[in-house]
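Protein chains: 2
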Amino acid sequence: MTTDTARTRLTPEERRTRLLELGVRLFSTHTIEEISIDLVMEQAGVSRGLIYHYFDGKQGYREAVVRYAADLLFAQTAPPPGGEPLERLAASITAYVDYVVANESGYRSLVAAAASGNEAMRAVYDSTFEAMGDRFFADGPSIELADTPAVRLVIRAWQAMAEKLVLTWCADPTVMSRAELQALITDSLPLLITLV
Amino acid sequence: MTTDTARTRLTPEERRTRLLELGVRLFSTHTIEEISIDLVMEQAGVSRGLIYHYFDGKQGYREAVVRYAADLLFAQTAPPPGGEPLERLAASITAYVDYVVANESGYRSLVAAAASGNEAMRAVYDSTFEAMGDRFFADGPSIELADTPAVRLVIRAWQAMAEKLVLTWCADPTVMSRAELQALITDSLPLLITLV
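In order, the protein sequences belong to chains A and B. Residue numbers in the first sequence follow our numbering, run continuously in steps of one, and reach 196 at the last position. Residue numbers in the second sequence follow our numbering, run continuously in steps of one, and reach 196 at the last position.
None of these hints come from the bench; they were simulated from the model. Backbone N, C-alpha and C fix where the C-beta goes; we use that ideal spot for every residue, glycine too. Incorrect hints may appear among the rest.
Stated by the list, open to error - Covered by chain B, per the in silico footprint, the following chain A stretches (three or more residues, Cβ under 8 Å):
id: 1; segment: 161-169
id: 2; segment: 173-181
id: 3; segment: 188-195
Claimed, not checked - Computed from the model, here is a short list of chain B residues facing chain A with C-beta under 10 Å:
id: 4; residue: 100
id: 5; residue: 157
id: 6; residue: 168
id: 7; residue: 169
id: 8; residue: 181
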């Protein structure tokens, strides 16, 4: 698609974004560790020097892609501005399931990287889920929740449960339908909140 | 405590078990990666050769310790033989929280190792939680559950939620009391099961 002529018209920011978008696409079939400079050079048709110029090497590129992918996750799971609280939560959950299904390989390797003590990856992972949790208390919550440390703890644990549900379901989707999975995740939060 | 004279009286199996018990104790303050042959030699007063003889080196020792620690987790969380179903579940959860609190560092590194693609560690981790989940269907279930793939999926996700609850609570125990944490984990399972 991208010809040399077209590429020369891109601004540096656009070119950088294209490389990040490529990384996210590679995530759907590759783990973080499988994303090499050679692979990116081959797929993007750019030089090693350009990738180093923008990202300071392989690790910098991987971290930038993970950050970009996490930003996409955060943006895509934004609840719609209006509607019934539980419907808004359901829309957000649907988007979350869609995201994990579309980026399963990369998502699994982000979980692994965050758990394995890679501080940069862990920070991206933790701050993304914290930001998604903050939505319950910031402008236009999808459902009404009291902002207490106990409620925040339950939200964080519910997110971990939702992640395990989706990843386990991905490995064997015959267990229940996607709609049932989404309803299970959505309906479990208000139930769990009744316990604190 | 252990004198040379006493040590010579140990059978090979007892000596091996002592080294595994040492590894579990080290787990309370060290991550898996921090457990080195030198550390074990120093703490156990045994030779490098003996550790290689029993465990075939550092990786073999770490895996054997993780397996031993997972077996302890499984044994300690066994629900008591009699009593009310929810009380039996509560006893099992109390034991789980006790275990994680007592072995927090090692438990966190097991989670990290399982997530990071170390196949041996992942297998120990997954099979332990599967075995703990199986208890709900095998001899003397702590609460009555239908054995369906959907229920098993919810149990696995509930375990992930419980793990996140305990580990997050360990990092900031001011959020709620230990009794409240245990009640939250115990009471959430029957609630979640109503959704499938």
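**Asked** At a Cβ distance under 8 Å, does chain B reach at least three residues of the segment 188-195 of chain A?
**Response** holds (count 5)
**Message:** Given residue 181/B as an interface hint, is its Cβ closer than 10 Å to any Cβ of chain A?
**Reply:** holds (9 Å)
**Asked** At a threshold of 10 Å, is the proposed contact between residue 168/B and chain A supported by beta-carbon distances?
**Response** Where the cut-off is 10 Å and the nearest Cβ of chain A is about 6 Å from residue 168/B, the hint holds.
**Message:** Holds or violated: the hint that residue 100/B contacts chain A, with Cβ atoms closer than 10 Å.
**Reply:** Violated. Min distance 14 Å.
**Request:** With chain A as the partner, please determine if residue 169/B meets the hint condition of a C-beta pair closer than 10 Å.
**Result:** Holds - the Cβ of residue 169/B comes within 10 Å of chain A, reaching about 7 Å at its closest.
**Prompt:** Taking 8 Å as the C-beta cutoff, is the stated coverage of the segment 173-181 of chain A by chain B satisfied by three or more residues?
**Reply:** holds (count 4)
**Item:** Interface hint outcome for residue 157/B [beta carbon to chain A under 10 Å]
**Value:** Since chain A brings a Cβ to about 4 Å from residue 157/B, closer than 10 Å, the hint holds.
**Asked** Can the segment 161-169 of chain A be counted as covered by chain B under the rule of three residues or more with Cβ-Cβ separation shorter than 8 Å?
**Response** It holds: at least three residues are needed, and the segment 161-169 of chain A offers 7 whose Cβ sits within less than 8 Å of chain B.
Consistency with the previously given hints fails for number 4 only.
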